[in-house]
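There are 2 protein chains.
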Amino acid sequence: MSPKITGELLRQLRQAMRNCKYFSEPIQAYIIPSGDAHQSEYIAPCDCRREFICGFNGSAGTAIVTEQHAAMWTDGRYFLQASQQMDNNWTLMKMGLKETPSQEDWLISVLPENSKVGVDPWIIAADQWKNMSKALISAGHSLVAVQDNLIDAVWTDRPERPSTQLRTLGLEYTGMSWQDKIVTLRAKMTERKISWFVATALDEIACTVKFSEIHYSLFTSATLLKSTMLFVDLKRLADPALRDHLQLGSPSKPELSIQTFPYESVYTELQAICAALGPKDKVWICDKASCALTQVIPKAHRTPIPYTPLCLSKAVKNATEIQGMKMAHIKDAVALCELFAWLEKEIPKGNVTEISAADKAEELRSQQKDFVGLSFPTISSVGPNGAIIHYRPLPETNRTLTMNEVYLIDSGAQYVDGTTDVTRTMHFGTPSAFEKECFTYVLKGHIAVSAAIFPNGTKGHLLDSFARAALWESGLDYLHGTGHGVGCFLNVHEGPCGISYKTFADEPLEAGMIVSDEPGYYEDGSFGIRLENVVLVVPAKPKYNYRNRGSLTFDPLTLVPIQIKMMNTELLTQKERDWVNEYHRKCREVIGAELERQGRKEALEWLIRETQPIV
Amino acid sequence: MSPKITGELLRQLRQAMRNCKYFSEPIQAYIIPSGDAHQSEYIAPCDCRREFICGFNGSAGTAIVTEQHAAMWTDGRYFLQASQQMDNNWTLMKMGLKETPSQEDWLISVLPENSKVGVDPWIIAADQWKNMSKALISAGHSLVAVQDNLIDAVWTDRPERPSTQLRTLGLEYTGMSWQDKIVTLRAKMTERKISWFVATALDEIACTVKFSEIHYSLFTSATLLKSTMLFVDLKRLADPALRDHLQLGSPSKPELSIQTFPYESVYTELQAICAALGPKDKVWICDKASCALTQVIPKAHRTPIPYTPLCLSKAVKNATEIQGMKMAHIKDAVALCELFAWLEKEIPKGNVTEISAADKAEELRSQQKDFVGLSFPTISSVGPNGAIIHYRPLPETNRTLTMNEVYLIDSGAQYVDGTTDVTRTMHFGTPSAFEKECFTYVLKGHIAVSAAIFPNGTKGHLLDSFARAALWESGLDYLHGTGHGVGCFLNVHEGPCGISYKTFADEPLEAGMIVSDEPGYYEDGSFGIRLENVVLVVPAKPKYNYRNRGSLTFDPLTLVPIQIKMMNTELLTQKERDWVNEYHRKCREVIGAELERQGRKEALEWLIRETQPIV
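If you're matching them up, the sequences are chains H and X in order. Position 213 (the first sequence) corresponds to 213 in the UniProt record's numbering; numbering is contiguous. Position 467 (the second sequence) corresponds to 467 in the UniProt record's numbering; numbering is contiguous.
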């Protein structure tokens with residue numbers, strides 16, 4: 001991976017920072033967050049401004065350019081990747097390390113007195129704006145909203161915004177009509193005396209009005225209001241079936257009618273709505289919505305919330321969605337069993353690379369029913385590339401799979417009935433004792449979370465240390481969270497639940513939520529290990545029931561064998577061995593039946609061999 | 001325990017709430033927090049206003065009285081006790097349960113429109129004021145500072161404020177002079193460009209200027225500023241040795257001189273200081289300091305911090321303090337071994353009660369060198385009283401210790417060299433299978449924390465679930481945190497570190513910090529189990545050292561046998577049995593030697609018998 005050359009780009013950006021065409025006075029620093037106007041994780045190419053300016057293309061990171069400096073903050077998943085993708089004009093700020101300053105502290109340390117720091121208010125979230133602004137003001141500086149995006153000003157070949165048609169989903173996939181979802185939402189608004197609700201997250205809108213934007217859930221641009229107003233690129237609503245689905249023009253119930261508006265008009269329409277508010281009217285908006293849209297709502301009416309009711313209800317899957325997720329995971333496991341059987345045969349020939357293995361995985365998944373696309377770019381990594389946590393193989397980094405190195409593949413797909421995300425780490429020759437030892441600690445952590453029983457109402461962050469205890473005991477660790485929420489044919493990473501040492505405001509786990517369980521270990525320059533299942537939160541029935549609170553545990557939806565060759569089974573307790581054997585029994589039973597039904601004999605043989613009980 | 005009759009008191013308080021002598025307009029609600037003007041946990045009798053109005057005398061709780069309602073919020077440790085101490089004028093609000101409204105939400109639900117809610121600004125912390133005020137304003141109400149305390153107005157026989165002499169401590173106990181502590185503090189202020197620092201927490205001041213207020217660390221009233229100004233009841237500085245210690249009038253270095261002022265003058269002196277501030281001057285004050293004092297500092301200069309540098313440096317004990325804490329725990333263990341040997345002999349006679357056992361424990365502790373007093377009221381509880389987490393035996397609740405019920409004693413002392421806090425749960429006859437089962441789960445949790453190895457920089461809340469995993473697996477739990485910081489001859493409960501599922505802003509654990517490890521299980525109406533050691537954070541040396549971060553673990557300072565009779569050893573793993581045996585070996589070695597030295601033969605025999613290895 002060679003770094004992007006950014007000297008000339010930075011020179012142009014700094015020129016724009018001094019150019020009074022964009023603001024009344026020059027700015028001394030410019031912040032480039034990674035999101036789009038909807039705080040999406042996976043964004044359209046035209047929104048990849050942080051990547052454009054610094055070269056780093058991971059999913060999370062913020063760049064800041066001053067007259068003298070250029071720095072980029074990202075988290076532990078991306079330290080290695082970012083250091084390889086950025087040239088030496090850039091300083092990598094490793095978030096989570098004690099010595100790394102926050103963006104605010106760093107700005108205050110490098111800025112001259114009374115500086116102005118600019119940012120695009122449509123891209124920075126309201127809560128981030130608030131914190132940053134407060135810190136800068138307290139140090140004598142100010143944060144200013146720059147309406148023209150300065151990256152766009154220097155980005156001569158910026159791609160067009162995509163404008164694909166939207167897709168609708170029937171009740172057989174969603175289990176609940178969009179009309180019922182809006183009725184439920186309104187009941188919650190009434191309960192909290194909320195007059196209007198501004199929805200800006202694309203997956204929340206997609207989930208509610210029941211059309212889905214897959215392929216990284218990007219591109220839709222919409223805002224949902226009480227009466228219900230939808231702001232969207234109107235070209236994307238041309239399909240009559242879609243118009244019919246949304247009952248545009250001919251609602252069965254008038255109070256459930258949807259009015260559509262051009263995307264760009266959201267600012268002025270919301271202004272008009274706010275101007276007409278009564279003195280007691282309250283408007284809900286997520287505190288992670290864009291600063292620009294948030295500030296349209298006068299402070300007296302604005303009620304920012306960390307998670308919207310759509311986000312919360314989306315996280316708890318209904319019976320139809322759970323059934324769909326199970327089906328999607330069975331199909332996904334079929335594809336992976338085939339992949340691994342194929343790899344075992346092909347690797348000795350020396351022709352399989354990270355990219356061709358990823359392509360093969362996609363090809364096999366695409367043969368499964370209702371396949372729509374990948375749920376995120378496949379991480380297919382050999383040896384040292386495995387230590388780059390969110391690695392994505394590129395022609396210049398592409399390694400060949402061999403019998404001598406550990407192979408890590410983290411991949412997933414969108415099927416119409418559900419979303420998958422699975423990581424397996426394998427060795428096709430003989431792993432070293434250290435590789436096995438680390439793999440076994442990771443497995444112990446994975447099992448500790450997956451088999452945990454915990455009270456109803458427990459937040460996911462309380463389970464994070466279970467995943468680390470075995471690694472910690474040997475002085476090891478991994479610098480990422482243990483799990484994230486998973487959408488049902490929606491974002492592969494979704495809130496508001498998760499399993500992480502970061503005590504963000506995660507919501508308590510409840511039955512029907514779906515999260516990933518993915519501890520890892522990364523030896524820089526050598527190998528990476530990660531073991532990831534998607535798991536469903538289900539009720540547990542332990543011996544006692546303290547204060548009638550009820551208990552929960554996890555049921556793995558992912559059913560792909562975990563390579564026994566990578567385990568040092570002597571390090572496992574009897575309980576852990578039993579867990580592995582029971583998991584493999586279930587893989588064999590459920591996936592074996594499907595492989596048989598699909599007539600995929602080689603994969604079936606591979607599955608049977610890989611699921612022999614350990615003793 | 002019979003509840004306090006509060007009908008007449010509430011009538012008088014509500015009359016005061018309508019009395020325009022205290023404010024321009026009547027208030028519709030009055031908040032009564034539990035603290036004093038220094039947010040102390042253990043407070044002088046004259047400050048026990050919340051207890052006075054509702055009868056509940058636990059260490060944490062907030063009462064709110066409206067024209068129609070009276071409600072009191074407390075946490076899981078106190079649900080049972082509060083329900084027994086309050087009459088039916090009061091509604092108990094059980095914090096931490098899903099169905100319990102926050103104080104703000106409750107007020108908003110019961111208040112008429114445009115209500116005024118009053119509170120004493122010297123008693124409510126600035127951060128609480130801010131949150132409460134914001135919530136009330138958003139619902140059309142307001143929070144008003146009532147300068148005259150309305151409880152004092154109806155409290156006819158309110159005790160006097162105590163005025164005992166202050167005590168000084170030599171370098172042999174503190175390991176660092178107060179002058180050096182102030183130099184260190186100033187260096188931190190300079191680094192952060194802070195002009196003034198207002199210290200209000202009594203233990204922080206006591207720790208810094210090195211006089212100690214024990215017996216629940218109350219009574220001192222002081223504020224420490226840069227130049228250094230001390231606000232205190234001047235009668236308490238009469239002792240020439242104390243004046244000498246503080247170098248009053250004759251400082252060896254002028255820049256380290258301390259000026260003393262009458263306690264009451266802090267408001268006007270701070271006002272004068274703030275009036276003279278330059279435009280860039282910043283003033284540090286803890287965000288938990290009183291609202292009244294905080295608001296003296298103009299917003300432009302005020303820099304609230306969650307933990308002050310004094311709080312942070314106090315938490316990391318120096319070598320002298322660690323040695324002192326070790327000595328204090330040895331003496332404390334001697335007293336407890338004697339107590340348990342005595343109880344074993346006396347209980348069959350039928351004359352030992354909760355109160356007499358607590359008195360005996362105090363008597364035995366008082367025989368040890370440098371004993372000063374108890375570090376908190378002894379929790380001595382038999383059978384169902386043990387389920388009241390912060391029970392304190394009273395004549396009307398006092399039960400006799402028998403061979404048939406579980407006995408729980410949570411107690412500690414202040415010695416000049418250190419502070420102790422230990423809980424043991426014992427059975428002097430034959431415990432039931434269920435009692436043993438629960439005890440064993442609690443023991444497993446205790447060991448899981450005590451033996452945990454974790455990376456440098458880990459926050460205590462990440463360890464909390466280790467203490468619960470075994471209980472959770474059986475559907476059990478306990479409704480309190482797992483551990484708190486412990487001061488060295490200071491508060492027995494101190495910040496900023498701890499081990500709790502509540503993710504308050506705890507600071508990362510580091511070597512030299514001292515916390516408690518005290519999981520429990522409480523079967524209401526039947527028995528209580530808790531197992532508490534005070535443990536020192538020490539470096540660990542596991543096999544690997546990921547990213548050179550280093551690892552930590554705990555070393556128990558408490559060395560009192562854990563009753564083997566209460567264990568179901570079949571439920572323990574081999575690792576856990578090894579831990580118990582190694583712990584008991586150390587108890588026998590260290591405490592045995594001291595018992596021998598002190599010639600306490602019966603206790604020594606008891607110790608030797610109780611520390612036999614389990615197999």
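Hints were generated in silico from the structure; no laboratory data involved. Wrong hints could be hidden among the right ones.
The list cannot tell twin chains apart, which means a pair is met if one copy fits it or any two copies do.
Straight-line C-alpha distance at most 27 Å; calculated DSSO-like pairs for lysine-lysine [said to hold, decoys possible]:
{"#": "1", "residue 1": "LYS543", "residue 2": "LYS280"}
{"#": "2", "residue 1": "LYS98", "residue 2": "LYS543"}
{"#": "3", "residue 1": "LYS21", "residue 2": "LYS326"}
{"#": "4", "residue 1": "LYS575", "residue 2": "LYS543"}
{"#": "5", "residue 1": "LYS94", "residue 2": "LYS575"}
{"#": "6", "residue 1": "LYS282", "residue 2": "LYS4"}
{"#": "7", "residue 1": "LYS575", "residue 2": "LYS280"}
{"#": "8", "residue 1": "LYS116", "residue 2": "LYS94"}
Hints versus structure:
For the homomeric pair LYS543 and LYS280, neither the shortest alpha-carbon distance inside one copy (50 Å) nor that between copies (62 Å) is at most 27 Å. Proximity of LYS98 and LYS543 under a CA criterion of 27 Å is satisfied inter-copy only: 23 Å between copies versus 43 Å inside one chain copy. Taking CA atoms no more than 27 Å apart as the test, LYS21 paired with LYS326 passes in neither setting, with 55 Å inside one copy and 69 Å between copies. Taking the shortest alpha-carbon separations for LYS575 and LYS543, both the intra-copy value of 18 Å and the inter-copy value of 24 Å come in at or below 27 Å.
In this assembly of identical chains, LYS94 and LYS575 lie within 27 Å of each other by CA distance neither inside one copy nor across copies; the values are 38 Å within and 38 Å between. Proximity of LYS282 and LYS4 under a CA criterion of 27 Å is satisfied in neither setting, with 47 Å inside one chain copy and 42 Å between copies. When the C-alpha separation of LYS575 and LYS280 is checked against a cutoff of 27 Å, the pair qualifies neither within a copy, at 58 Å, nor between copies, at 62 Å. For a Cα distance limit of 27 Å, the shortest separation of LYS116 from LYS94 inside one copy, 25 Å, qualifies, whereas the shortest one across copies, 48 Å, does not.
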